[in-house]
Amino acid sequence: MAEAFQVAKKQDLPPPGGYKPIPFKRIPAKSYFSGYTMFAGFIGMTIGSIYLYNITYKRILKDEIEMRSAKMAIYPALLAERDREYLKQLRRNRDAEAELMRDVPGWEVGTYYGERVYKLIPPDQLVEPIFQEYYAHSDIKEWNKRANIKLLS
Amino acid sequence: MDTISPFFRSPFTDITGGMIDFQILGRCGKQEMDLMNCIEAYGLGRGIKKCKGYIDDYGECRTLTKQLKRFLAIRKERQRQIACGKLTDDRKYVSPRVDSY
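These protein sequence lines map, in sequence, to chains Y and R.
Just so you know, we're using the UniProt record's numbering here: the first sequence kicks off at 1 and counts up by one.
Just so you know, we're using the UniProt record's numbering here: the second sequence kicks off at 1 and counts up by one.
So that you can see chain Y by itself, here it is in the shape it has in the complex (with noise of 0.2 Å):
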């Protein structure tokens, strides 16, 4: 029990010289603009880029001038080159009906068995034809072509 009193206790004590002081203060971000700097930056940007757009804007608008113009320019031939195909098919359709049914009895080629579609209209006058009758002697595939234009294209 007496030698306990020689040897040094191990405690735990401050360091030599005591602790260092403990920073409290705040320590807030690096902040490279000011708020001002900001808003004026955000300015001159918006500024500069609406001047590069308009640039490319006037470009732009030019190109669809010249495509509209261009379009408007050859709609009418497209046009009658629609038409065209149209009476040449209606000739078509009507001669393969006057060969298809000309053992049919009763069947006279542009009516009903004889009865015309429209009664009081001069016989020669071109009754249009619905799209199952432009379409009466065609091929299912061509017809589903057109029926379905819309689906996928």
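It is worth saying that the hints were derived from the structure and are not from the lab.
A few of these clues could be false.
Restraint ranges, calculated between C-beta atoms of paired labels, are given here [what the hints assert, rightly or not]:
#	chain 1	residue 1	chain 2	residue 2	range
1	Y	76	R	90	32 to 40 Å
2	Y	46	R	23	55 to 63 Å
3	Y	106	R	22	31 to 39 Å
4	Y	64	R	76	50 to 58 Å
5	Y	119	R	82	41 to 49 Å
6	R	63	Y	109	17 to 25 Å
7	R	23	Y	140	37 to 45 Å
8	Y	76	R	30	54 to 62 Å
9	R	24	Y	47	22 to 30 Å
10	Y	56	R	63	49 to 57 Å
11	Y	62	R	72	53 to 61 Å
12	R	24	Y	126	21 to 29 Å
13	R	17	Y	57	53 to 61 Å
14	R	11	Y	57	17 to 25 Å
From the three backbone atoms N, C-alpha and C, an ideal C-beta is built for every residue, glycine too.
Following the hints, put chain R in place on chain Y, whose structure we already have.
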């Protein structure tokens, strides 16, 4: 057609009159006009008998039944001829161009 208009016409019956016609944007404007002129000339009772042609034309324009029946007859005949072998490979069908209708 016998119930086109009420027996006594007054402003009260005219308020909810169904006055839709085909004169604007209508396929059958001409036929409807002829029919109405004919019925107005002869009155309703006599007009139904006398204006049969106009009634039929207007009905045909509205419903397109005769054109449909024509198509059905032609198609049936074509299928029959293909089935019994009268029409062969190249002359089986006459197809229009897809952008012509």
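Comparing the hints with the structure gives:
no., hint, result
1, 76/Y to 90/R: 32 to 40 Å, "holds (36 Å)"
2, 46/Y to 23/R: 55 to 63 Å, "holds (56 Å)"
3, 106/Y to 22/R: 31 to 39 Å, "holds (33 Å)"
4, 64/Y to 76/R: 50 to 58 Å, "holds (52 Å)"
5, 119/Y to 82/R: 41 to 49 Å, "violated (33 Å)"
6, 63/R to 109/Y: 17 to 25 Å, "holds (23 Å)"
7, 23/R to 140/Y: 37 to 45 Å, "holds (39 Å)"
8, 76/Y to 30/R: 54 to 62 Å, "violated (27 Å)"
9, 24/R to 47/Y: 22 to 30 Å, "violated (53 Å)"
10, 56/Y to 63/R: 49 to 57 Å, "holds (56 Å)"
11, 62/Y to 72/R: 53 to 61 Å, "holds (55 Å)"
12, 24/R to 126/Y: 21 to 29 Å, "holds (23 Å)"
13, 17/R to 57/Y: 53 to 61 Å, "holds (54 Å)"
14, 11/R to 57/Y: 17 to 25 Å, "violated (59 Å)"
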